[in-house]
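Please put together the full structure from these sequences, using the hints given.
Heads up: the sequence lines are chains A and B, in that order. Heads up: the first sequence runs through residues 26 to 349, numbered per my numbering. Heads up: the second sequence runs through residues 26 to 349, numbered per my numbering.
Since the hints were derived computationally from the structure, they do not count as laboratory data. Given the structure is predicted, the values throughout are model-derived calculations rather than measurements. Be aware that a few hints might be false.
For identical chains, the list gives no copy identity; a pair is met inside one copy or between any two copies.
As the list claims (entries may be wrong) - Pairs of lysine-lysine, DSSO-like flavour, derived with a Cα cap of 27 Å:
no.: 1; residue 1: K62; residue 2: K82
no.: 2; residue 1: K71; residue 2: K234
no.: 3; residue 1: K204; residue 2: K315
no.: 4; residue 1: K260; residue 2: K303
no.: 5; residue 1: K204; residue 2: K323
no.: 6; residue 1: K234; residue 2: K323
no.: 7; residue 1: K204; residue 2: K181
no.: 8; residue 1: K260; residue 2: K242
no.: 9; residue 1: K260; residue 2: K232
no.: 10; residue 1: K323; residue 2: K181
no.: 11; residue 1: K204; residue 2: K232
no.: 12; residue 1: K231; residue 2: K303
no.: 13; residue 1: K62; residue 2: K323
no.: 14; residue 1: K260; residue 2: K234
no.: 15; residue 1: K323; residue 2: K82
There are 2 protein chains.
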Amino acid sequence: MARKAAQPLVAGIDLGGTNIQAAVVNPDNEIIGRARKKTRAERGAKEVTVRIIDCIKECLASADVNAGDIAALCIGAPGPLRPEEGIVISAPNLGWRNVPLKSLLESAVGIRTLLDNDVNIGTYGEFRLGAGRGVRDLVGIFVGTGIGGGLVIDGKLHRGFNHTAGEIGHLVVRMGGPKCGCGNRGCLEAIAGRAAIARELASRAKKRKTLLTKLAKGPLEEARSRAIADAYNEKDDLVVEVLDEAVAALGAAIGGVVNLLSPEAVILGGGLTEALGKPFVKQVAQAAAKNAFPQCIKNVRFAMAELGDDAGVLGAAQLAREAL
Amino acid sequence: MARKAAQPLVAGIDLGGTNIQAAVVNPDNEIIGRARKKTRAERGAKEVTVRIIDCIKECLASADVNAGDIAALCIGAPGPLRPEEGIVISAPNLGWRNVPLKSLLESAVGIRTLLDNDVNIGTYGEFRLGAGRGVRDLVGIFVGTGIGGGLVIDGKLHRGFNHTAGEIGHLVVRMGGPKCGCGNRGCLEAIAGRAAIARELASRAKKRKTLLTKLAKGPLEEARSRAIADAYNEKDDLVVEVLDEAVAALGAAIGGVVNLLSPEAVILGGGLTEALGKPFVKQVAQAAAKNAFPQCIKNVRFAMAELGDDAGVLGAAQLAREAL
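Here it is, written out as structure tokens:
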């Protein structure tokens, strides 16, 4: 393949339940312009689409470029979705059904648009520019309110037959265990997602004391990652107990995934991971090793995501560039 | 890619704990010669290697060809192994450690030799010539004494970083559950493998009656798949109960794998699957659907393996051909 002498600009958009982020990225993978807006999902798909368009325009202005200077953009949205047709089939946390996001953006902004899954773009960003640089097989796991995941297999983002691959949060690790938001029981997310952890803490705190009552500044059911991490670092008995259970569940799921996929790297990100930091990544790695064959987990690298909030826009921009 | 006018012959070898099988395969994927020998693993790696070499020679004679007529052969062996170097690192059920099988066969037989995992070659056979023809992403699950698996991703056998991918039997579905042969607890294999099922049946039969006592013709701990299937088909209460639990565990694991990988097809094979037949495949598919997102499992095909004992040699022969 001939390499182009001058690679053009691309843009990446990360559509989340809370925020929309956009970035213009140059051939050196530097962000040369960015914008951010609240999503305001409650106002409906039409209004959110207008906000995405405004965010893109602000981002172009911030980079001091025109739509004509951008060769392609990629937007990551909650799924399931049909990437080829550019349609978000259903996004429960946005209240969306069958939104033709690609064609809406292309006609409004005039830039060739790709659509992908929001966790995929974050995983891809870490793979190409972050903690997963240089590996061919990678599992990205984002532990936040829920647990999302993305897979890079043989150097490519793996989407699979229904374009839904990566749902590591919905591996069953404890049959008959706690009820999950997805309707099933015993999913990883139902034990180790931040919402599940907070719910469990609230339930056990009815009979026990915990520092979190003071730190959470509100109902324990809604305790944020920062407060949970602070109580953990203070060695609060209850929080240590519940987080240890979460780590054990993460270890069971990830150990199994290592046995199944034999990845070279496991990248951990998301709000809870960022709040707890590298000691958490190390604990998860140790727990995974207890659940994987030694020869499967040998030399597998566990690392914390490096790009934070920029993983999504950078990964999306990369995907846009590679589609040129 | 230009297609060759005349494709040469290739050979596939399946090295199992009990039997060695070999086949010469023509360009139409027909087996034109075959041989089979007992493995006799207890006699050690040197003797087993001689038996493999003899089996290959018998197979060539049965096809009425010479080693010079075979462009390449591939042998599937229990792993873990290093395919590029052609070394079996460790095969507990053969008692092997660091056996350079590729070079041993090449120097003795004079045919270019490839080494791969035994479950991989079976999965690949089903993918190319059996129940998985025409799909790009496939999960093969072989429920026998234990539970093995193989993955085809984006049209290629997926081996992963440590060449160990596919160990679906060692996904944890019930943390803290029954002890597994691998040392962990709650692995799929520890609940739904034939050995685990037989052990559970034997344990519960101490207090309950079961037809299996008569059908097994020996200790229940060693009940064979055929006897278990016969008792199941007679609606024996205990056997139905234990097999239903196995199906639930298979559903939890496979549903999770569908969420994770989004395959197009799930192919079920192995001794227990063959004994129980298509109704078992249907039950497993229904159980998986309870554990997967509807949009992830939509249109995913569950099918019974079609090639039986020939899956391994045919898959190995295919891999040999594709390496030419």
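Going through the hints against the structure:
For the homomeric pair K62 and K82, the shortest alpha-carbon distance inside one copy (12 Å) is at most 27 Å, but the shortest distance between copies (71 Å) is not. For the identical chains of this complex, K71 and K234 are neighbours neither inside a copy (47 Å) nor across copies (65 Å), given an alpha-carbon limit of 27 Å. Proximity of K204 to K315 under the C-alpha cut-off of 27 Å is found in both arrangements, the shortest distances being 25 Å within a copy and 13 Å between copies. Only within a single protomer do K260 and K303 lie at most 27 Å apart by alpha-carbon distance; the minimum there is 16 Å, versus 54 Å between protomers.
With identical chains, the CA atoms of K204 and K323 are at most 27 Å apart between copies only, with a shortest distance of 23 Å across copies and 34 Å within one. Taking CA atoms no more than 27 Å apart as the test, K234 paired with K323 passes in neither setting, with 41 Å inside one copy and 46 Å between copies. For the identical chains of this complex, K204 and K181 are neighbours neither inside a copy (33 Å) nor across copies (36 Å), given an alpha-carbon limit of 27 Å. In this homomeric assembly, K260 and K242 come within 27 Å of each other (Cα to Cα) only inside a single copy, at 19 Å, whereas the closest approach across copies is 58 Å.
Only within a single protomer do K260 and K232 lie at most 27 Å apart by alpha-carbon distance; the minimum there is 18 Å, versus 47 Å between protomers. In the homo-oligomer, the alpha carbons of K323 and K181 lie at most 27 Å apart both inside one protomer (22 Å) and across protomers (23 Å), since each shortest distance falls under that limit. With identical chains, the CA atoms of K204 and K232 are at most 27 Å apart within one copy only, with a shortest distance of 22 Å there and 33 Å across copies. In this assembly of identical chains, the alpha carbons of K231 and K303 never lie at most 27 Å apart, being 31 Å within a copy and 50 Å across copies at closest.
For a Cα distance limit of 27 Å, the shortest separation of K62 from K323 qualifies neither inside one copy, at 43 Å, nor across copies, at 35 Å. Within a single copy, K260 and K234 get their C-alpha atoms as close as 13 Å, which meets the 27 Å cut-off; across copies the closest is 52 Å, which misses it. Taking the closest pair of Cα atoms, K323 and K82 never come within 27 Å of each other, the shortest separation being 47 Å inside a single copy and 37 Å across copies.
Checked against the numbered hints given earlier, this structure breaks hints 2, 6, 7, 12, 13, 15; the rest are met.
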